[in-house]
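Letter by letter, the chains look like this.
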Amino acid sequence: MTKSNFTRRGVMKTGAIAGAGLATPIIFTGASWAQESGYLNAPQGDTVTLGFNVPQSGPYADEGADQLRAYELAVEHLNGEGDGGMLSTFSSKVLDGTGILGKKVQYVTGDTQTKSDAARASARSMIEKDGAIMITGGSSSGVAVAVQALCQEAGVIFMAGLTHANDTTGKDKKANGFRHFFNSYMSGAALAPILAAQYGTDRKAYHLTADYNWGYTTEEAIRSSTEAQGWETVNTVLTPLTQTDFSSYIAPVLQSDADILVLNHYGGNMVNSLTNAVQFGLRDRMVNGKQFEIVVPLYSELMARGAGQNIAGILGSQNWDWKLENQLGDKYIGTNAFVQSFGTKYGFPPSQAAHTGYVQALLYADAVTRAGSFNPCAVVEALEGYEFDGLGNGPTLYRAEDHQCFKDVVVVRGKENPENEFDLVEIVEVTPVDQVTYAPDHPQFAGGSLGTCNPGA
Amino acid sequence: MEAIILQILNGLDKGSAYALIALGLTLIFGTLGVVNFAHGALFMLGAFCAVTFSRLIQMSHTVVDETRTDFLGNPLQVDVPYIYDFFGQAAGDVLIDWAVPLSILMAIPVMILIGVIMERGLIRHFYKRPHADQILVTFGLAIVLQEVIKYFYGANPIPTPAPDAFLGSFDFGLMLGFDAGGIVYPYWRLIYFLFAAVIIAGVFAFLQFTTFGMVVRAGMADRETVTLLGIDIDKRFTIMFGIAAAVAGLAGVMYTPINSPNYHMGMDFLVLSFVVVVVGGMGSLPGAVLAGFLLGIIEAFASMAEVLAILPGINQIIIYLVAIVVLLTRPRGLMGRKGVMEE
Amino acid sequence: MGILEVKNVGKRFGGLKALSDVNLSVKEGSVHAIIGPNGAGKSTLLNCLVGKLIPDTGSVSFEGQSVLGRKPHEINQMGISRVFQTPEIFGDLTVMENMMIPCLAKRDGAFSISAYGAMMDDREIVERAEHMLEDMRMIDKRHMHAASMSRGDKRRLEIAMCLAQEPRLLLLDEPTAGMARADTNNTIDLLKEIKSTRPITICIIEHDMHVVFSLAERITVLAQGTPLVEDTPDRIKGHPKVREAYLGESSGH
Amino acid sequence: MTDQTSNAGAVRPKPAAPAEKTGLFGLRGKDASLLVFVALLTLLAPFILNPFPTGSAMAQFNAGYPDLMQRFVIFGIFAIGFNILFGLTGYLSFGHAAFLGVGSYAGIWSMKLLTLNVIPSIVVSVIVAGLFSLIVGWISLRRSGIYFSILTLAFAMMSYALAYSVLTPITGGETGLQLQYFDPRILDGELAAGTTPRANLFGLEMGTSYELRFGSWLFTFNAGYYIAAACMLAAFYLAIRIFRSPFGMMLRAVKSNQQRLNYTGISPKPYTLAAFVISGMYAGLAGGLLVAMDTQVGAERMFWTASGEVVLMTILGGAGTLIGPVLGAGFIKYMENIVSTINKSTLEGWFAFMPDGLADFFVTIVYPFVGKGWHLTLGLLFMAVVIFLPGGLVQGGQKIATVLRRDRKGSGLEPGAAAKRKQAED
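Residue numbers (our numbering), protein chains in the order written: chain A, 1 to 457; chain B, 1 to 343; chain C, 1 to 253; chain D, 1 to 426.
These stretches of chain C come out as covered by chain D in the derived footprint (C-beta under 8 Å, 3 or more residues):
1. 63-73
2. 81-92
3. 106-115
Here's a subset of chain A near chain B, in silico, CB distances under 8 Å, partners left out:
4. 59
5. 61
6. 211
7. 237
8. 240
9. 245
10. 247
11. 249
12. 252
13. 254
14. 275
15. 279
16. 302
17. 309
18. 344
19. 422
The set of hints was computed from the structure by calculation and includes no laboratory data.
Virtual Cβ for every residue (Gly too), placed ideally from N, Cα, C.
Work the whole structure out from these sequences, hints included.
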C-alpha cells in the first residue's frame with residue numbers, strides 16, 4: 001500500500017499555521033505525507049485530537065451523554081486539570097498530566113445515532129476533517145463493529161465503548177480495535193454459578209431474546225453456561241427490536257412450566273419487557289414449587305432507572321459498579337478516585353458506560369506514552385498482552401489474541417428499596433477473572449481474524 | 001385454549017392503543033384533510049402529562065440529614081415532597097400513588113389546549129396546501145416537540161407506575177371454567193382496554209347524537225355544502241382537532257404504566273398508526289377502530305412460539321404483511337370511503 | 001348498421017336497475033343526442049360505452065368490434081373520444097403540452113417510453129399540436145397554464161384534445177352544463193364547425209334542449225333506464241310520450 | 001449567477017421556435033446552463049465547501065472533507081431519482097430506502113464474490129434494485145394516494161425487519177456486512193492474510209486523496225468523491241432529459257389528470273411503473289455508491305426514517321424541480337454531519353472573545369440547538385422552510401433572484417406573481 005486512504009488534516013492543521021501567509025499553492029499527494037510520519041493523522045504541533053463518537057440522539061442518548069462526561073473528565077485529567085482521577089491509582093505511572101507525549105489533548109464529538117451508517121459517517125468526519133488519531137465510544141455492538149472496521153480500514157485506533165456482543169472481539173475482531181467492556185460469554189460464565197447457587201440447579205428457563213446479533217450471542221452464552229449448571233432451557237423466543245409491548249411474548253411464559261425467565265434484551269427493549277413481565281405477575285408466581293425468577297444478563301444503571309421498581313430483586317451482570325471499592329475493598333482501587341472526581345464535577349455517580357469510556361481513554365494515552373509514539377501499530381503492540389491494575393476492575397489483562405480485556409465480572413441485583421435514583425443495584429458477588437476466561441478459539445468467538453495493524457499509510 | 005384466550009386479551013390490549021391513536025388520526029384526516037405526522041407526538045405529550053403531573057405533586061424541598069451520607073461521603077440531602085407538608089405523609093402518599101389516573105384531569109385541558117393552539121397557529125394555514133407540505137410541517141413539528149421533551153426529561157424511559165391497588169393480575173381462570181391461574185391478566189391492562197372502549201364509545205356517541213357531531217360528520221362527507229349552509233365549520237374543526245389531540249393524549253397518559261414513557265415513543269407509534277388508519281380505510285372512524293383491534297390481535301398471535309416455529313420471523317413483518325394483503329384485496333382498506341386521499 | 005351498436009344492454013347497481021334493455025344505433029356521420037330526465041341512466045349508458053362500467057347484459061360494439069371488457073384507454077385507441085361534463089384537461093400543464101399528449105397518443109399508442117429525446121424537438125408532434133391549436137383558434141394561448149383558463153376555453157381545449165386524436169366517434173357528456181348562454185352558443189358553433197369540417201360521428205348527452213335541437217340529427221329519449229323513443233328532432237318535439245316523460249317535467253327549468 | 005439560480009428548478013416548456021438551437025448534449029439553453037452550473041459546483045466543491053481556513057473558529061462549518069462530499073452527491077442522486085417518481089407523477093413512495101438498501105447489499109456482495117472494482121458492484125446494485133423495485137412497484141401501483149404510500153412503506157419495513165433479524169446470514173443483521181480479506185472474489189487475486197480489502201476503480205482506490213494547500217486553507221480532492229460526482233452529473237443529466245422528454249410529460253400528465261390520460265388512449269400504469277423502476281434504479285445507484293465509498297452496509301439504511309428522509313429532502317428542496325432535491329439532500333446531510341458535531345467546548349471557543357458572563361449566556365442559549373440538539377434545529381428549519389418558502393428552497397432562491405432582478409432592472413414581475421407562475425410551471 002503506497003497510497004494513503006485518508007487525508008491527514010492533523011498534519012495540515014499545523015502545517016497551515018506554519019505556512020500561514022504563504023500564498024503559493026503547494027500540491028501534496030497523500031503518499032508523500034504518509035511517508036514522512038509513517039502513519040495517518042500524526043499529531044503535529046503541541047496538540048493531539050481524539051474523537052468521541054457517542055449516541056447523542058435516539059434511545060441511548062442519555063448513556064451517550066454519560067460517556068461523553070467521562071471522556072471530558074479523562075481529557076481534563078490527562079491534561080493535568082482537576083484532581084487527576086484514576087491517574088493516581090493506575091498501576092502504570094507514565095501519565096503525568098502533561099497531555100499525551102507532551103501534547104495537549106483536544107477532542108471532537110459526534111453523534112452515532114445508534115445507527116452503523118451514521119456512526120461511520122461521524123467517525124469518518126473525525127478522521128478526515130478533524131484529524132483524530134483515535135476514535136472511542138458507542139453504545140451498541142452494531143455500531144462498535146461498524147466503527148471498528150472503519151478504523152481498521154482508515155488506520156486509526158478504535159477503543160470500543162459499551163459493546164457486549166461476542167462478535168466485537170470474536171468474529172468481527174480487528175487489529176486496530178480494543179474492547180475493555182466485558183461480553184456475552186463472560187456474562188454467562190459469571191452469572192451461571194451464582195444463579196445456580198441462588199436459585200438451585202434444577203431450573204427450567206424460558207428465554208426471550210432480541211432478534212439481532214447481540215441477542216443471539218447473549219442467548220447462546222447464557223444457555224450454554226446455565227445448561228452446564230444443570231438448568232433446562234424450555235423455550236427461546238425471538239422478539240423484534242422495534243417491539244414496544246411485550247405482553248404477547250410474556251403471556252405464553254405463564255402457560256409454560258418454566259420457572260425462570262431470561263430477558264436477553266437491552267435498552268428500551270429490556271425496560272419494557274421487564275416492566276411487562278412484572279405486570280403479568282411473574283415475580284409472584286410459584287412454579288414447580290419454586291419461586292419464579294427473572295434474569296437480565298446485561299444490566300445498566302440507566303435501564304434500571306427506566307424500569308423503576310420492577311428491577312427489584314432481579315439478577316444480572318455488570319462490567320463495573322461505582323460501589324465496588326467501598327463494598328469489596330482495595331482490590332478494586334481506582335473506583336473511588338473516579339467516582340469522587342466524576343461526582344464532584346457532575347453531582348451524581350458515573351455509570352458503567354462512563355467508566356469504560358474513561359478507562360479506555362486512559363489506557364490509550366498510557367499505551368501511546370509507553371510506546372513513545374502515536375503510531376497505531378506501536379499502540380497496538382503496547383496494548384497487546386498488557387496487564388494493569390488500579391482502574392477499578394482489579395488486575396486486568398488486554399489479551400493479545402483478541403484484544404479483549406479480562407477482569408472480574410460484577411453480578412448485581414436490583415435493590416428492593418433504593419434510596420435514590422443512582423443507587424438502584426446492589427452487588428451480589430464478583431465472579432473472579434479465571435472463571436470468565438475462555439480460549440481465544442472458543443466456538444462462540446470463532447470465525448474472525450485480527451488481521452494486521454494498519455497505520456493508515 | 002388458555003394460551004389463545006390470553007393472546008386475544010393481549011391483542012385487544014395492543015389494539016386499544018392502536019385504535020385510540022388511529023381514531024384521533026382519522027378524525028383529523030376526515031375532518032380537516034390534513035396528514036398529521038405530529039399525531040404520535042401528541043400521544044407522547046399525553047404520556048409526559050402524566051410524568052409532569054407526578055413530578056409536580058412530588059415537588060419537594062431538601063432537608064439535610066446529618067446522620068446519613070451520600071455516595072461522596074457528604075451529609076445526605078433528603079427530598080421531602082411539599083405535598084407531605086400540605087396533606088400529611090399518608091394522604092400525600094396516596095396522591096403520589098394515584099398520580100397517573102389523577103393526571104387525566106390535567107391532561108384533558110392541556111391536550112385540548114395544545115390541539116387548539118396547533119390548529120389555530122399552524123395547521124389551518126396548511127388546509128389548502130399539498131399533502132407533501134403538510135407532511136413536512138407536521139413532521140418538523142413532531143421533531144421539535146420530541147426534542148423539547150428530550151431536553152427537559154432526557155432520553156431514558158421514565159418509570160410511571162400504576163397505583164398500588166392496580167398492581168397484580170386478575171384471574172379469569174375459574175370464571176371461564178379453567179384452572180385457577182390459567183388465565184391471569186394484569187389489572188391495569190384490563191383498565192386500559194375498558195378505558196379505550198369508553199373513549200371510543202364516547203367519541204362515537206358524541207358524533208352520532210349531538211348537533212355538533214352531526215355537523216362535523218356532514219362536514220367530513222362534504223365540506224363545501226356545509227359551509228354553504230352558513231355553518232361556521234372552521235370553528236368546529238378547531239374543536240375537533242382539540243378533541244383528537246385529547247384522545248391521543250389520554251391514550252398516552254393511560255399507557256405510561258404499561259410501558260415507561262420516553263421522548264421517542266410517539267415516533268414508534270406513528271408509522272404503525274398510519275398503517276392502522278389506512279388498513280381501516282381512509283376517513284372511516286369505525287374502520288380505524290376495527291383495524292386497530294384486528295392488527296393488535298393478529299400481531300399477538302404471530303408472536304406465539306408455536307407460530308414462530310413454523311414461520312420464523314413472521315412476528316417481525318406480520319403487521320405489514322396484513323396491511324399489504326388487505327390493501328390488495330380491498331382497494332380502500334376495510335371500510336374506506338371513495339376519493340379520500342387517493343390522489 | 002351504425003358505427004355504434006348498443007344491444008340489450010342492462011346494468012344494475014345492487015337493487016337499483018339503472019339500465020335495462022337499451023338498444024341504440026348511431027349512424028356513421030350523424031349527430032345523435034341522448035336526452036332524458038335526471039336519473040334516466042344517461043351517464044350510466046355513456047360509462048358503459050367507454051369502458052368505465054361493464055354492462056351486466058347485452059353488447060356494445062364500435063365499427064363492428066365489441067368494446068366490452070376493454071379498458072377505457074383501449075376503447076379510446078379504437079377511435080372513441082370522450083368529452084366530460086366538467087372539462088377534464090391537464091391543469092398543471094400548458095395548453096401546448098395538453099395538445100401534444102393526444103398527438104403522441106395518436107402516433108405512439110397507449111405506451112411508448114421515449115425518455116431521452118426532448119419533447120420540443122419532436123417536430124412532427126409540435127407541428128401537429130400547433131396546427132390543431134391554430135385550427136381551434138387557441139394558438140395565442142399556447143403558453144398558458146391550462147388550469148388558469150376560462151371555463152369556455154377549457155371546454156374548447158378539451159374538445160381540441162379529443163379531435164387531435166382524429167376519433168371517429170366523439171362522445172360528449174353535457175358539454176354545456178353550467179355554462180353561460182354566450183359560452184353555450186360558442187360551444188354549439190364550435191361543434192357545428194367541427195361537424196362541417198370533419199368526417200366524424202358525434203353522440204351527445206344533453207340536458208339543454210336548446211343545444212340538442214340546434215345540433216342533433218337524431219334523438220334518443222331515455223327514461224328510467226330504457227329508451228322511450230328514437231326519432232328526428234322535429235318529431236321528438238311533438239311526441240306525446242316525450243312531453244309526458246321529459247319535457248313536461250323539465251318545463252320548470 | 002442569479003440567472004442560473006432563477007432557472008434552477010423550472011420545468012419550463014419552450015416554444016418550439018425553430019430558431020432555438022439545441023446546445024450542450026442536446027439540452028436547450030437554460031437546461032444546459034443549469035447542467036454547467038451543477039457541474040461546476042460539484043467540480044469545485046472541495047473549494048466551495050471549505051471556505052474557512054483550517055484551524056480558525058469557523059472551520060467547524062467546513063464540509064469539504066471526502067466523506068461528507070461523497071454523501072452530498074450520493075444522497076443527491078437518491079433524491080433526484082425519488083423526484084422523478086414523486087415530483088413528476090405525484091406518487092409518494094414511503095419505502096424508497098429499501099431500494100437503496102437492497103442496492104447496497106447487492107453492491108457489497110458483488111465486492112465479496114466478484115471483484116473489488118466498483119464498476120461491476122455499482123452495475124449489480126442498479127440492476128438488483130431495479131428488479132426489486134419492479135416487483136414492489138408492480139404490486140404497489142395497483143393503488144394510489146395514501147394507499148400506495150402505505151404499501152411501499154410496508155415493503156420497506158418488511159425488508160428492514162428481515163434484514164435486521166432473520167436474514168442475518170445474508171445481511172449481517174445488526175452488525176452489517178463488511179469486506180474480509182478471505183472473501184472468495186473470483187475475479188480478483190487473493191489478498192494477503194490480514195490486509196484490508198479496499199474498493200477501487202481499476203486500481204485507483206476510493207480513499208485516495210490529493211491535497212492542495214493555499215495559505216492557511218486546505219482543500220482535499222478525493223478520488224471517490226469525483227467518481228460519485230461523475231455519477232451524480234450523469235444522473236442529473238439523465239433527469240433533465242427525462243423531465244424534458246415525452247415520457248416526462250406523460251408522467252406530469254399522470255400527476256395532473258389520470259382520468260383524461262385514460263380517455264386519451266394512454267394507460268397510466270406502465271408509465272408510473274417505469275418511473276417507479278427508474279427511481280428505484282437511481283436509489284440502487286446511490287446504494288451502490290455508498291458501499292463503494294464506504295464498504296459497509298447496515299440494515300438501518302432501510303428503516304422508515306431513511307425513506308422519510310428522502311421525502312423530506314425532496315420537499316424541502318422543491319418537489320418537481322430539477323435542482324431542488326439535490327439542495328434538500330445537501331441541506332439535511334449538512335445538518336446531520338456538521339451541526340451535530342458542535343459541542344460545548346466548540347461553543348466556548350466561539351464566544352471566548354466575550355466577557356465571561358455574556359459568553360456563558362450565549363453558550364447556554366445556543367447549546368440546546370447544536371450537538372445533541374441538532375434534531376431540534378432540523379425540525380425548526382423544516383417548519384420554517386415550509387411556512388415561509390412554500391415551494392421549497394428552490395422557490396426561496398427564485399424569490400431572491402426576482403427581487404434582485406427587479407432591483408437591477410427596475411421593472412419585472414411582482415415576486416408573488418412570479419412565484420405563482422413558477423409554481424404553476426413546475
